[in-house]
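Peer 1: Residue numbers (my numbering), protein chains in the order written: chain A, 1 to 228; chain B, 1 to 228; chain C, 1 to 209; chain D, 1 to 209; chain E, 1 to 252; chain F, 1 to 61.
Accuracy of the hints is not assured; some may be wrong.
Partial list, computed: chain D residues near chain F (C-beta under 10 Å) [to be verified]: (1) Gly126; (2) Tyr127; (3) His129; (4) Glu130.
If you are wondering where the hints come from, they were derived from the structure by calculation, not from laboratory data.
None of the values given here were measured: they were computed from a predicted structure.
Idealized CB from N, CA, C, for every residue including glycine.
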Amino acid sequence: MSGARVSSACAAVLRRDLLLAWRRRGDMALPVLYALIVATLFPFALGPEAQLLARIAGGVVLVTVLLAMLLAFDGLFRPDLEDGSLEQLMLAPQPLPLLLAMKIAAHWLTTALPLMVIAPLMAGMYHLPWPAMKVLLLALLIATPLLSLLGAVLVALTAGTRRSGMLLALMLLPLCVPVVIFAAGAVTAAQQGLPWVAPIAWLGAALALALVLAPLACAAALRIALDA
Amino acid sequence: MSGARVSSACAAVLRRDLLLAWRRRGDMALPVLYALIVATLFPFALGPEAQLLARIAGGVVLVTVLLAMLLAFDGLFRPDLEDGSLEQLMLAPQPLPLLLAMKIAAHWLTTALPLMVIAPLMAGMYHLPWPAMKVLLLALLIATPLLSLLGAVLVALTAGTRRSGMLLALMLLPLCVPVVIFAAGAVTAAQQGLPWVAPIAWLGAALALALVLAPLACAAALRIALDA
Amino acid sequence: MTDTSAALLEARGLTFLRRDEPVFGPVDFALRAGEVALIEGDNGSGKTTLMRVLTGLLHADEGSLLLYGEPLSVERASGELAFLGHQLGLKLELSPLENLRVAAGLFGQRKGVSPASALASVGLAGYEHEPVRRLSAGQKKRAALARLLLIPAALWLLDEPYANLDREGIALVNRQVERHAHEGGAVLVTSHGAVTFLNGAYRRIALAS
Amino acid sequence: MTDTSAALLEARGLTFLRRDEPVFGPVDFALRAGEVALIEGDNGSGKTTLMRVLTGLLHADEGSLLLYGEPLSVERASGELAFLGHQLGLKLELSPLENLRVAAGLFGQRKGVSPASALASVGLAGYEHEPVRRLSAGQKKRAALARLLLIPAALWLLDEPYANLDREGIALVNRQVERHAHEGGAVLVTSHGAVTFLNGAYRRIALAS
Amino acid sequence: MNKLVYWYHKLGSPPTFYRFAGVLRPWCLAIALILAVIGLYGGLYLAPADYQQGDAYRIIFIHVPSAWMSLFIYGVMAVAALVAVVWRMKMAEVIAMQSAPIGAAFTFITLCTGSLWGKPMWGTWWTWDARLTSELVLLFIYLGIIGLFHAFEDRRHGARAACFLILVGVVNLPIVHYSVVWWNTLHQGTTVRIFGKSNITTSMLWPLLVMMFSTKFYYAASLFGRARADLLDLESGKAWVKQIASDEEARS
Amino acid sequence: MSLHEFLSMGGYAQYVWPAYALFFVMLIADYLAAGTRRRRVLKELRGRMARQKAREARRRS
Ligand code: HEM
Ligand SMILES: Nc1ncnc2c1ncn2[C@@H]1O[C@H](COP(=O)(O)OP(=O)(O)OP(=O)(O)O)[C@@H](O)[C@H]1O
Ligand SMILES: Nc1ncnc2c1ncn2[C@@H]1O[C@H](COP(=O)(O)OP(=O)(O)OP(=O)(O)O)[C@@H](O)[C@H]1O
Ligand SMILES: [Mg+2]
Ligand SMILES: [Mg+2]
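Bound conformation, chain A alone (with noise of 0.2 Å):
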């Protein structure tokens, strides 16, 4: 008998999320269509005034992939909970906060870059000017990953329970109004022409952190919401 080495269970399971976004892709489509119409209806409610429209662009694009992103997170562990998935991944011999990073990381992938890749179109659509697209872009490719890290420790701690989505937003949202508060500062700094790289700075830190530490949460998380 030969036992499996870490890297190609790693490999396994983010090919096999991969995968299986790929199978459902029209899936990973909503979110995506979620945040452009969001983001369209935002002007409808508050008249199509370009200035204005350009003044809210960074908030409103942060906001919007927020939500989205918030929308998808239920897709993270219920499905493998619920065909009895997760039971198989816990019971592997292989630690299990790298194989739940793994499982994030493909879930960022399936969601939050596709969404990064329209934020552009919808920045585009509120007219915010190039020079702050660009950190608008960067404080996104720092904040979602730090996002769905920290959504992911509290979709495993709400994995049990029956109405989670609600459950998830409330205890979500507190977590993310720092790291709203610092991307869009960053981008209205650029917007405005001022130094805008410390906020950036701190999101960087604290991704760098919530990689370290949030997968053991998680897998903390999940043994004790199996345990029922």
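Based on the hints, put chains B, C, D, E and F with the ligands in the right spot on chain A.
Peer 2: This is chains B, C, D, E and F with the ligands only, laid out in the frame that chain A set:
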């Protein structure tokens, strides 16, 4: 044997749904909290400038209420579908559109009404002046039942599918566009001291039409969704 | 009003297709008032599908279905028939009594029967006010059976009524079915091919899988 | 490394409480390499719960559980045991082959067995590339059984492995179990009290409900 | 009238439609290609540059036909959906469902080409103008229909639900269109006016009309192809499909 | 008109040609999708037919 009268059947459905909502009042609070938190996030994303916030207050409150209602729509038919109550409803010797109208009414009372109660609070956080606030409430009072009715038709259509939340958003938002335009238009007009009756009147007319047609469409859609 | 000499329910060459393959073959039967019939078939042979076609919720692709000699439709069928499916149609947050009151509001109620008395006669006295969530599977089934006693429908469609029930519960269903037939109703019961619980020699309708 | 003379799995006074009421009473048994044991009990007597405690996913409230003579934990247990539960752990969108490849990546694979050969030996040759969604319930079960053949675990925990299987499938499970015991593994199988499919006189562990 | 009923039943039968579409498809494509060559020759080469817009206006020869197609295809889908919902006709479901991706593609093309045209003309890729916005909403409606169709396990079931949504969307379309018009006039005058017909000279008009016909024929060709593939899937239990499968295998 | 002149589109080449490219790429992709789908459906169907045949052969033997 004595058949049931239509009025008592309607009362039974309405009473049942209100009772159920009361038994699960924790869930009832979630859309409200969701709306509050989203409304809180925007000032963080946009900065605390009072004038800007007042300018976008009406729009943000409208879109937020709409998003919160959207999240609650899933509970309109799915639980009844899963436990077989919906079949019993369809087999009752009463006009199905009428019974569904009762369900929609109960849903509006338990999800949109609480949102309307906190709408002034949210608008206040955004420094919306009082005259515009009155118009906002009036607009919500007409727009939310309209959305409930339109939403119910689409929820009925997606009742047979697996992941319906996002899909519902996708289908519902084009329908929302006119509603949002008129409601926001009225609020903006009031804010600028212009006459705001016309868009409200249009909304009222749409509501009257929807009150008649939506339950019929909803019944047809449910029959289609269950026929498999 | 309706031609009472006609069969209560009649199926002629009834077939239901899924992706153009028949779920059940052509089915023919006529059920008169006072009759009980048993629908037999293995797992996946289409018993539940047939039942849903008989309620009018699903449309048969071929053949015809007559209720009192007239073509069946959801509107026509509703009120005439009571359906007990795999899903019981109970709200878990409400008590059995509250659930039955809703049914009475929707369907009306039989003379001389009240929600409370119907619950008592299925052996749920004492559980009227417990949320259904806290009842055992068998007790839930009993609460659903109480609905049959309460509402004034002539035709009962029972999809696997025996599942989850103990011996006493099975006897209860049999008594209920016999009494209903005796009072002029008609009953269709499904069952897995292997085991049958209905005593008495009823007509059997076999579904080949 | 591990004390091979100790029992592969040993339970001493194992009890699991839900709201301070025991789901199953104190259970004692020891399972050595090459042994097969049957856990019997009615619906709701706690068989599935016991199995999940044995995997280390649930924590017993009283008593102790030893794997190779050492206290069991998820980390210790993982890799040593293969669990087949009510939920099969298959992804419906992937094919059986893709599902098995994931399992091989996570658990490693036995010498001389490949995903394709494991599928062939449970009778799924020809279905390797069909999405699992389109397989019948029995075929899904077979795909899950193929995982047992593929991964190198000594202890098999099988929760109702016979459900959904036809005669031939039942014989397949029995052959598989016997071969695994013969090769030095150990197997725990649960079953409803009434009917047992394992032939041979295996040890029985009864759970009172 | 009798002839109409006859053809209704004839084309309503999948194998007949399959054969009929197979014969017509290459012809439609050929006509579409020939018309496209003529139209583009006229539009890109023969027609003079616009005195105001220079050569940028040449986007019109794809933008406007695409915009018309995005609306025309929705119309076809609505008619098919009505037939499908009322008479439960399988072919109508197929036509409605297979038209949706083509309509979405044309809508997308309209948005992108309009955007590419808007940048040099208006100085921006996008404004929240009435026509632009209602076209965007139309794209969402198309995507909603496609999404609903694919959300169901059973394909005919999904088709029936999506057809119902198409009909709901028909009611919605004029509302969206006019509300968006009113919306813009509520706040401010129309910022940009898309120039009227009178600006178009014959040398620009005829290539436009030729391109319009070309896209119509393209739509027919694409729809026939998609419908044929879909019919094979839908009817895969039937003998005529198995016959086709084994015939193709023998040929290859 | 020289080819270069034609291609430069009076200075608007960067807008006109991408628009035309998009138009043709979208429509070609749309047209090819039907063929791809048809081939996949037939492949699956042939697999199913082969399995059916094998099952029948097994039953007969
Ligand atoms: C994203 C941007 C754009 C979108 C979504 C868009 C959309 C549309 C639509 C839907 C139509 C069809 C209207 C109908 O037939 O009822 C149309 C027609 C037309 N568009 Fe655009 N358009 C855009 C940009 C532009 C630009 C920048 C121009 C030129 C400056 C332009 C010029 C025209 C013209 C000339 C017509 C034909 C009008 C007629 O005679 O009906 N469009 N467009
Ligand atoms: N919603 C559905 N979509 C597609 N196929 C279905 C659906 N429901 C049932 N089927 C299939 O139709 C066939 C008949 O199902 P049905 O539920 O009527 O069987 P049954 O005789 O009631 O079985 P059981 O004894 O397990 O209740 C089965 O092969 C099943 O897989
Ligand atoms: N998640 C849970 N929360 C609360 N109670 C539970 C939970 N899961 C099971 N139970 C209860 O614990 C008891 C034992 O359940 P278990 O699933 O172990 O039974 P079982 O012997 O496996 O039954 P079966 O033969 O139906 O599979 C039952 O009374 C059940 O109602
Ligand atoms: Mg059944
Ligand atoms: Mg169990």
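Peer 1: Measuring from the C-beta of Glu130/D to each C-beta in chain F, is the shortest one below 10 Å?
Peer 2: Holds. Min distance 8 Å.
Peer 1: Measuring from the C-beta of Gly126/D to each C-beta in chain F, is the shortest one below 10 Å?
Peer 2: Status holds, d = 5 Å.
Peer 1: Would the stated hint for Tyr127/D survive a check requiring a Cβ distance to chain F of less than 10 Å?
Peer 2: 8 Å, holds
Peer 1: If you take the shortest Cβ to Cβ gap from His129/D to chain F, is it below 10 Å?
Peer 2: 8 Å, holds
The structure shown violates none of the earlier numbered hints.
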